[in-house]
Amino acid sequence: MTRATSDRQSYATERETTEGRVFTVTGGDWDAITNNIDPLSNEKIVVNMGPQHPSTHGVLRLVLELEGETVTECRPVVGYLHTGIEKNLEYRNWTQGVTFVTRMDYLANMFNEVGYCLAVERLLGIEDQITERATTIRVMFMELQRIASHLVWLATTGMELGAISMMLYGFREREYILDIFEETSGLRMNNGYIRPGGLSQDLPESAIRKIRDFLVYMPKKLKEYENMLSGQIIWQQRTQGVAVLDVTGCMALGTTGPVLRAAGLAWDLRKTMPYCGYETYEFDVPTATTADVWGRYQVRVAEIRESLKIIEQTLDRLRPGPIWISDKKIAWPAQLALGVDGLGNSLEHVAKIMGQSMESLIHHFKLVTEGFRVPPGQVYVGIEHPRGELGVHAVSNGGTRPYRVHYRDPSFVNLQAIVPMAEGALLADVIAGGASLDPVMGGCDR
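Residue numbers for the sequence shown follow the UniProt record's numbering, beginning at 1 and rising by one.
Read the hints as simulated data drawn from the structure, not as lab findings. Hints are not guaranteed to be accurate.
[As the list claims (entries may be wrong)] Derived Cβ-Cβ restraints for the label pairs, each shown as a range:
1. P204 with E127: 24 to 30 Å
2. N227 with L81: 33 to 39 Å
3. H393 with Y217: 35 to 41 Å
4. R404 with Q237: 24 to 30 Å
5. Y80 with R212: 58 to 64 Å
6. Q129 with R188: 28 to 34 Å
[Stated by the list, open to error] Computed list of lysine to any residue pairs in SDA-like fashion (alpha-carbon distance at most 25 Å, straight line):
7. K221 with K328
8. K271 with Q298
9. K271 with Y403
10. K223 with E205
11. K328 with K223
For every residue, glycine included, the Cβ atom is placed at its ideal position computed from N, Cα and C.
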């Protein structure tokens, strides 16, 4: 039996049926691995790292084969956070889909929403009708979310490698961004703020003031992070030359984002395949040449600075105007307001459609219960997520619900890189290497 066949059968048994070969994936891989090891003549140890381990960035399971402290084989096991979001989208209308996709990668939900909405808008053929204000706010919120995501990476990776103070500081600064999101959308996370055709709410003046304060506050804190980490000998030894993956390895595995840029390739979809007007903004694509955990740390810190530059430009470009396209058959729900009980239809809008216009009431009822129809077709949209390329493949059969929506989530694709990083390295370096990929299992499993 070949090694490939053995590995396949340890994960999934197979049987022939009248409809072809069927594989049954079970949790029995542990027995298949351990039964092949003779504890008397072989010093190899098989351990489970996760899915409850605090340093696997979520419910990720790594089956590790060890010889002493050296990892000889690594098997990632995913699926513990599978939520069936992509399948659920097929039973909801196109607007309701935003509520589902925002919960995939819960640390970068704005990107999930923007990717989905850009795909729907391309299917509808309304890309050129999205207002300038809506597009500018989308860019602003994506960059705020990028900073928030990188802050969580700095915080959790710092804690896992011994810099516990970084955990406190990273989440402290992230609170400023979540306050801005809450001020605007009513929610700290899973906002459902980006909608096909525009935004659920306009950006209030109070949120703009908070963003300006953040732009003054954050650069000082970044300098403090670097003073605390970059010159620290323990941090250097835990990151430099650890979990190396060069450009060739990244290209072979489809790895993108900070991991690829830390290997020296300046591939960023905001520059190479621009969307939302990114080609009109002034910013650099940070890179490193070390291809290790240290390089990924440097790239992410530099990306926070570049995001701050972009946010400042969005504030300068922000002009009064509509946040929805003019087509009322798509612009739903366009009359929302924040009330004491949360986000909902504004009382003025409800009073109008209930008391003054029967046509508006009928239109509102049809739009809410059925949703708008999307012409048949399929599209792929790629955007630059904090972890790499986030792709959305959306298919419509002409109805009010998606026929199929599939996400190319960078956490899922990048996670396979943990195998070449881990094998041959020390057990302690598996923590650093896995953390440097920044996987979020909500996006990986979906």
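- Which numbered hints fail: 4, 5, 7, 9, 10 and 11
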